[in-house]
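Visitor: Mind docking chain B on chain A? Use the hints.
So the protein lines, in turn, are chains A and B.
Numbering of the first sequence is given in this note's numbering, commencing with residue 109 and proceeding in unit increments.
Numbering of the second sequence is given in this note's numbering, commencing with residue 891 and proceeding in unit increments.
Heads up, a few of these hints could be off.
The calculated lysine-lysine pairs, modelled on DSS-like cross-linking and capped at a C-alpha distance of 27 Å, are [what the hints assert, rightly or not]:
hint : chain 1 : residue 1 : chain 2 : residue 2
1    : B       : Lys947    : A       : Lys121
2    : B       : Lys947    : B       : Lys959
3    : B       : Lys947    : A       : Lys165
4    : B       : Lys932    : B       : Lys949
5    : B       : Lys999    : B       : Lys949
6    : B       : Lys949    : B       : Lys969
7    : B       : Lys999    : B       : Lys959
8    : B       : Lys969    : B       : Lys953
9    : A       : Lys165    : B       : Lys959
What follows is a list of derived Cβ distance ranges for each label pair [what the hints assert, rightly or not]:
hint : chain 1 : residue 1 : chain 2 : residue 2 : range
10   : A       : Asn167    : B       : Gly944    : 25 to 35 Å
11   : A       : Glu208    : B       : Ser918    : 40 to 50 Å
12   : B       : Gln904    : A       : Glu190    : 35 to 45 Å
13   : B       : Lys953    : A       : Pro147    : 22 to 32 Å
Hint data in this document are derived by calculation from the structure and do not stem from the laboratory.
Built from N, CA and C at the ideal position, the CB exists for glycine as well.
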Amino acid sequence: KAGVTQTPRYLIKTRGQQVTLSCSPISGHRSVSWYQQTPGQGLQFLFEYFSETQRNKGNFPGRFSGRQFSNSRSEMNVSTLELGDSALYLCASSAGVDNEQFFGPGTRLTVL
Amino acid sequence: EDQVTQSPEALRLQEGESSSLNCSYTVSGLRGLFWYRQDPGKGPEFLFTLYSAGEEKEKERLKATLTKKESFLHITAPKPEDSATYLCAVQEAAGNKLTFGGGTRVLVKP
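Just chain A, with the same shape it has in the complex (with noise of 0.2 Å):
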């Protein structure tokens, strides 16, 4: 069984840009969040998207934004990018509520 993808692995865009990255859960799996991971703040939640609906959202600007298709992959988008957004952004599925989060391997996004 295929894991979680992510796509790109790795991202180098400029102040003020924006970027989208991509996760593809695992086959069968409705939930997708995403979190980052920086060395200050560690791992915190972004937001979390179950049958195409935003059920859970963490504490972060309304630059930091998702969705989900049909198919459970899922986007986030982080537009007028900042220095303190370079991050490892990582995606995690999970079959519904109370079931295990499964990880991607992250997409390593760095601003200059």
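Guide: For chain B alone, coordinates are given in the frame of chain A:
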């Protein structure tokens, strides 16, 4: 607000030297406590989920336990390949949001 604190921040062990990692938490309604292992440059790898106080789970040299306020991850006779950052996270009463602790970096020297 939910809080998860892991200690120690870093742990250096000799191969075969058993030890325990601590994860203390404050949540309004615990739905589950998760342990993950993360290697440098990779996503967290799922290890265990614990749901109720008194529950224990084992996998190879790892054993996780849960009380009402904390969880322990015991590493028995560790090997160098057990070197990694171990993360614990709590799941709130609603939804799949995980709140993570800062992690414990474990280095096992041969």
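Visitor: Do the alpha carbons of lysine 969 of chain B and lysine 953 of chain B lie within 27 Å of each other, as the hint requires?
Guide: It holds: about 15 Å lies between the C-alpha atoms, which stays within 27 Å.
Visitor: Check whether the Cα positions of lysine 999 of chain B and lysine 959 of chain B lie no farther apart than 27 Å.
Guide: Roughly 31 Å separates the two Cα atoms, so the pair is violated.
Visitor: Given the proposed pairing of lysine 949 of chain B with lysine 969 of chain B, does the C-alpha separation stay at or below 27 Å?
Guide: holds, 14 Å
Visitor: Quick check on a hinted range of 22 to 32 Å for lysine 953 of chain B and proline 147 of chain A, using CB atoms only.
Guide: holds, 29 Å
Visitor: For the pair supplied as a hint, lysine 165 of chain A and lysine 959 of chain B, confirm whether the alpha-carbon distance does not exceed 27 Å.
Guide: Holds. Lysine 165 of chain A to lysine 959 of chain B sits at ~25 Å (cutoff 27 Å).
Visitor: Starting from the range 40 to 50 Å, see whether the pair glutamate 208 of chain A and serine 918 of chain B falls in it by beta-carbon distance.
Guide: The hinted range 40 to 50 Å is violated for glutamate 208 of chain A and serine 918 of chain B, with Cβ atoms some 22 Å apart.
Visitor: Does lysine 947 of chain B pair with lysine 959 of chain B here, judged by a C-alpha cut-off of 27 Å?
Guide: Holds - the C-alpha atoms of lysine 959 of chain B and lysine 947 of chain B are around 17 Å apart, at most 27 Å.
Visitor: Can you let me know if the beta-carbon spacing of glutamine 904 of chain B and glutamate 190 of chain A is within 35 to 45 Å?
Guide: Between glutamine 904 of chain B and glutamate 190 of chain A, where Cβ atoms are some 44 Å apart, the hint holds.
Visitor: Is the Cα-Cα distance between lysine 947 of chain B and lysine 165 of chain A 27 Å or less?
Guide: Violated, at about 30 Å.
Visitor: Does lysine 949 of chain B sit within 27 Å of lysine 999 of chain B, going by the straight-line distance between their CA atoms?
Guide: holds, 21 Å
Visitor: Compare the distance between the alpha carbons of lysine 947 of chain B and lysine 121 of chain A with 27 Å, and conclude whether the hinted pair is satisfied.
Guide: violated, 43 Å
Visitor: Assess, step by step, whether the Cα of lysine 932 of chain B is no farther than 27 Å from the Cα of lysine 949 of chain B, and give holds or violated.
Guide: Roughly 21 Å between the alpha carbons, so the hint for lysine 932 of chain B and lysine 949 of chain B holds.
In summary, the numbered hints that this structure violates are 1, 3, 7 and 11.
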